[in-house]
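For this one, chain A is given, so just place chain B on it according to the hints.
Number of protein chains: 2
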Amino acid sequence: MKRYSIGVDFGSLSGRAVLVDLDTGIEAATSVFEYPHKIMDTELPTGEKLPLDFALQHPRDYLDVLSYVIPDILRKSQIQAEQVIGVGIDFTSCTMLPVLKDGTPLCFLGQYKNRPHSYVKLWKHHAAQKEAEKINEIAEKMGEKWLSRYGGKISSEWFIPKIWQILNEDEVIYNNADRFVEATDWIIWQLTGRETHAACSAGYKAIWHKKDGYPNKKFFKALDTRMENIIGTKISAEIIPMGEKAGEINQFAAELTGLKEGTAVAVGNVDAHVALPAVGIVDSGKMLMIIGTSTCHIVMGDEEREVPGKCGVVEDGVVKGYFGYEAGQSCVGDHFDWFVKNCVPADYRSEGISIHKILREKAKKLKPGESGLLALDFWNGNRSVLVDANLSGMMLGMTLQTKPEEIYRVLIEATAYGTKIIIDTFEENGIPINELYAAGGIAEKDELMMQIYADVTNREIKISGSPQTPALGSAMFGAVAGGYFADLAQCAKVLSKVRDVSYKPIAENVKIYQKIYEEYKTLYYYFGKENNVMKRLKGIKEDVR
Amino acid sequence: MKRYSIGVDFGSLSGRAVLVDLDTGIEAATSVFEYPHKIMDTELPTGEKLPLDFALQHPRDYLDVLSYVIPDILRKSQIQAEQVIGVGIDFTSCTMLPVLKDGTPLCFLGQYKNRPHSYVKLWKHHAAQKEAEKINEIAEKMGEKWLSRYGGKISSEWFIPKIWQILNEDEVIYNNADRFVEATDWIIWQLTGRETHAACSAGYKAIWHKKDGYPNKKFFKALDTRMENIIGTKISAEIIPMGEKAGEINQFAAELTGLKEGTAVAVGNVDAHVALPAVGIVDSGKMLMIIGTSTCHIVMGDEEREVPGKCGVVEDGVVKGYFGYEAGQSCVGDHFDWFVKNCVPADYRSEGISIHKILREKAKKLKPGESGLLALDFWNGNRSVLVDANLSGMMLGMTLQTKPEEIYRVLIEATAYGTKIIIDTFEENGIPINELYAAGGIAEKDELMMQIYADVTNREIKISGSPQTPALGSAMFGAVAGGYFADLAQCAKVLSKVRDVSYKPIAENVKIYQKIYEEYKTLYYYFGKENNVMKRLKGIKEDVR
Chain A
16 MKRYSIGVDF GSLSGRAVLV DLDTGIEAAT SVFEYPHKIM DTELPTGEKL PLDFALQHPR
76 DYLDVLSYVI PDILRKSQIQ AEQVIGVGID FTSCTMLPVL KDGTPLCFLG QYKNRPHSYV
136 KLWKHHAAQK EAEKINEIAE KMGEKWLSRY GGKISSEWFI PKIWQILNED EVIYNNADRF
196 VEATDWIIWQ LTGRETHAAC SAGYKAIWHK KDGYPNKKFF KALDTRMENI IGTKISAEII
256 PMGEKAGEIN QFAAELTGLK EGTAVAVGNV DAHVALPAVG IVDSGKMLMI IGTSTCHIVM
316 GDEEREVPGK CGVVEDGVVK GYFGYEAGQS CVGDHFDWFV KNCVPADYRS EGISIHKILR
376 EKAKKLKPGE SGLLALDFWN GNRSVLVDAN LSGMMLGMTL QTKPEEIYRV LIEATAYGTK
436 IIIDTFEENG IPINELYAAG GIAEKDELMM QIYADVTNRE IKISGSPQTP ALGSAMFGAV
496 AGGYFADLAQ CAKVLSKVRD VSYKPIAENV KIYQKIYEEY KTLYYYFGKE NNVMKRLKGI
556 KEDVR
Chain B
16 MKRYSIGVDF GSLSGRAVLV DLDTGIEAAT SVFEYPHKIM DTELPTGEKL PLDFALQHPR
76 DYLDVLSYVI PDILRKSQIQ AEQVIGVGID FTSCTMLPVL KDGTPLCFLG QYKNRPHSYV
136 KLWKHHAAQK EAEKINEIAE KMGEKWLSRY GGKISSEWFI PKIWQILNED EVIYNNADRF
196 VEATDWIIWQ LTGRETHAAC SAGYKAIWHK KDGYPNKKFF KALDTRMENI IGTKISAEII
256 PMGEKAGEIN QFAAELTGLK EGTAVAVGNV DAHVALPAVG IVDSGKMLMI IGTSTCHIVM
316 GDEEREVPGK CGVVEDGVVK GYFGYEAGQS CVGDHFDWFV KNCVPADYRS EGISIHKILR
376 EKAKKLKPGE SGLLALDFWN GNRSVLVDAN LSGMMLGMTL QTKPEEIYRV LIEATAYGTK
436 IIIDTFEENG IPINELYAAG GIAEKDELMM QIYADVTNRE IKISGSPQTP ALGSAMFGAV
496 AGGYFADLAQ CAKVLSKVRD VSYKPIAENV KIYQKIYEEY KTLYYYFGKE NNVMKRLKGI
556 KEDVR
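Taken in sequence, the protein lines are chains A and B.
Just so we're aligned, residue 16 is where the first sequence starts under our numbering, counting upward by one.
Just so we're aligned, residue 16 is where the second sequence starts under our numbering, counting upward by one.
In short, the hints are calculated from the structure, not lab data.
Treat the hints with care, since some could be wrong.
Because identical chains cannot be distinguished in the list, a pair is counted as satisfied if it fits within a single copy or across any two copies.
Said to hold, decoys possible - Dumping the calculated DMTMM-like pairs for lysine to aspartate or glutamate here, alpha-carbon to alpha-carbon at most 25 angstroms:
1) Lys145 with Asp352
2) Lys418 with Glu210
3) Lys418 with Asp352
4) Lys382 with Glu58
5) Lys225 with Asp87
6) Lys550 with Glu523
7) Lys372 with Asp56
8) Lys550 with Glu385
9) Lys356 with Glu366
10) Lys335 with Glu276
Here chain A stands alone, though its shape is the one from the complex:
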């Protein structure tokens, strides 16, 4: 009897599952389910209006994913549930929600459904910026040594700022939440009945450290006396290492998914981190870029170093025995979508052809530097190296001859420079990047963009061989949890995939991009540090609204 593992990857807009044959690595079936409530950034399902920078989700959508995609792949592949020996899941992070003792989300309860803070805060919920800034300020004043692990700043996207925002804006929800949990842990709770707090998201997003634990009570008290005892009460202090088995499918989950009770479930992972083994990265010096609406950069090192603007470093956070470093860009695919939705003239469109495709075709004909344009990729703030959600986009060089395809190309280039500044910052701080890999929808489809990335970074780029990289990674963790392989390295030898063809830098393009990159870097720090005009304009905007 053939054996299989299932990986389920929860993204920003949908959940997708893959069923993997554990002897051949063949992906026997896949399935996608889009969240019915999408991202709620203007109003709740009840019509309640949302303030600026909110980005919420409905946890019911995640259960709908499980009840659709798992039966769907079993049906498509015509295998028996018994043949599935493990399940792994991964989620965008930090995506978090308040729940009761039994795991029930507060937004499921009638009395809270009108209260925005009872819902899931998606990773890109940016309304806790004030709290993040206060945390950074207090931590710096108190000399908290964990601050440097996160590049000197924690982000408004993370766990503690989001919780503090709930306390500041809706104490009722804060008081009635028995736990605040990462969505990935919440899914594992639903599947197994066991509450876990996985090391990966705890380490990268909740300021947990293998040796030092969480920040101490004194720190939390300094934030707000009501938060003094939050660790061990509203935040689970029991951290489960990555790669372990979290538990087994229980009766509720068996009914929801059609899997057998007792099937092994791996500890919940984060979408980016889970992808490294899927492309075969199981040791240090190899960076993976997961390129989608945003980009996450992960590389393992042999020791813990300080790197400005890294989002975090977690021991055993990706593969046991290594220090997993994370960095990120908060606006990549979103960037191009914004442009296409808001700034492309009617006569560029053609029935039945994607406007992205039309623009890429036109942009492909341009040479590097030919447009005279330069942009800073801050449309959704800056995660690494600056860690500042209040930054905004900048473009210059426009003339009356500037064409949409030139702007489209420069938005791509901006994200490539953003990646280069991250790579350079790692290397300048003692974490070598010897190989570069890319995964995610855009990396797999967009040849123009990947060539620009190779030219800007002056590095060969290898592309993931699976169209469902994180889901494949999750399935690998599921297979290890189910005991089919001795460890992740063994599993990766059989199941990981990269494409045969890679992108290689073109010397004459590299030369031009190096010059423009110097300009990018100057403006990056000018608007990031020296002239806070973007933040002052955001202040005016908030005052006026």
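Coordinates of chain B only, in the frame set by chain A:
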């Protein structure tokens, strides 16, 4: 028998005439004719490709204007040619062309029609930037005192750089040109058979001064030994004061236009300067903004002062007895057109409604500062205060929520800040601006823009009462040339027009715009002086192409 005067205004894309009743000021008829060859910026009529930044025109189009619009207004008004006692014309400037001794444009000759430099260089031809920079450098080194009259820099749009470009790039045309003439003077030549060189364009665009004359031979020799004796040979040294009669309609012109031989023709004017009397400005302290594809700002002062970035100051250049100061913005209406052509999504468009109107309606609903955006209006370089055609556009503050109408509004605001920095610079340098007037298509039609201008400048703005302000001004000069009024001041009392309703600043808007203007100013000088990234990117662009 009623008496009339005709004014013909030559713009960037068309020529338009107005017939004015000299007793009532009523505009009895108007007519427009669009240049068949438009602006030639990619190729000549012969298919010959044009280099970057060229903007040429065909002088045949100007004769077509005369032969269409004058007969048209005579026919429409059903008056006799005898009733027309004077004609005035005005032109965009510096718009210039090489001609033979008899006034024949070199591009009319078969042997030159393939050579770009034989055609008219429109004001916005920016390909003589190299020459302008060299002129500024040499003039500074030689301590030429005229340099400060032009704000310390002369522009690539002007007469001498354009001539020097011809010499540098096509010596055949240079050698075979008997004269280089302003288009306004060329039209007068066609109408009267007399070559004139009007004080207004000579003073503002050709470095002529009432007391000091042109730069001396030593200077021209320093540019190029072949130019040493250019004054008095290829450039007429005989300057005619504004407001004089240039001559009378000759046989050729009578046949072309249907006017009577002997009708008085005023000295050729410049479109912006001719407009001041049309709104009743005949003394100092009142600034007129002529707002179209670009904006020209003119104000008269009682003495000659140095003002950074002013385009020029000419004694008697507008009205006798005053010093006419000019400043300018090279990208205003062009700015909005670029945006609408290149950056507006299909779903914003609606059959039969101008997209400008749709965007203005949406933009009108926004409050100042609400978008968080800020732009520098450098899409077509910067004329005043920086005098640098190599600058390019900049916009910042974009987020993933930014909408087209927000961008549209911020492009308007950018041009308003550009105007404010010009006004402030005049006042800081001793030229008071007590009243503000606006004319031109945009000023007359766009309420949103004019209110933004009132709010940004914190001044009341009076709007020209004629839809054909420069043409009306030209007709006024024609009437004075024809002897119907004692002088321009008398004439203005009868014929000048402003609207009854003006735009007044709204206090709460003023407050917000003052804050944003401070940000604009910082970035204006940062990109204008401190960080030359725009120019380096333009350099790369030129290398790559």
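Going down the list of hints, with the structure as the test:
1. In the homo-oligomer, the alpha carbons of Lys145 and Asp352 never lie at most 25 angstroms apart, since the shortest distance is 28 angstroms inside one protomer and 39 angstroms across protomers.
2. Taking identical chains as interchangeable, the C-alpha atoms of Lys418 and Glu210 are never at most 25 angstroms apart, the minima being 53 angstroms within one chain and 43 angstroms between chains.
3. For the identical chains of this complex, Lys418 and Asp352 are neighbours both inside a copy (17 angstroms) and across copies (13 angstroms), given an alpha-carbon limit of 25 angstroms.
4. Proximity of Lys382 and Glu58 under a CA criterion of 25 angstroms is satisfied inter-copy only: 22 angstroms between copies versus 43 angstroms inside one chain copy.
5. For the identical chains of this complex, Lys225 and Asp87 are neighbours neither inside a copy (39 angstroms) nor across copies (88 angstroms), given an alpha-carbon limit of 25 angstroms.
6. In this homomeric assembly, Lys550 and Glu523 come within 25 angstroms of each other (Cα to Cα) only across copies, at 21 angstroms, whereas the closest approach inside a single copy is 37 angstroms.
7. For the homomeric pair Lys372 and Asp56, neither the shortest alpha-carbon distance inside one copy (28 angstroms) nor that between copies (29 angstroms) is at most 25 angstroms.
8. When the C-alpha separation of Lys550 and Glu385 is checked against a cutoff of 25 angstroms, the pair qualifies only between copies, where the shortest distance is 13 angstroms, while the shortest distance within a copy is 31 angstroms.
9. For a Cα distance limit of 25 angstroms, the shortest separation of Lys356 from Glu366 qualifies both inside one copy, at 16 angstroms, and across copies, at 19 angstroms.
10. In this assembly of identical chains, the alpha carbons of Lys335 and Glu276 never lie at most 25 angstroms apart, being 29 angstroms within a copy and 99 angstroms across copies at closest.
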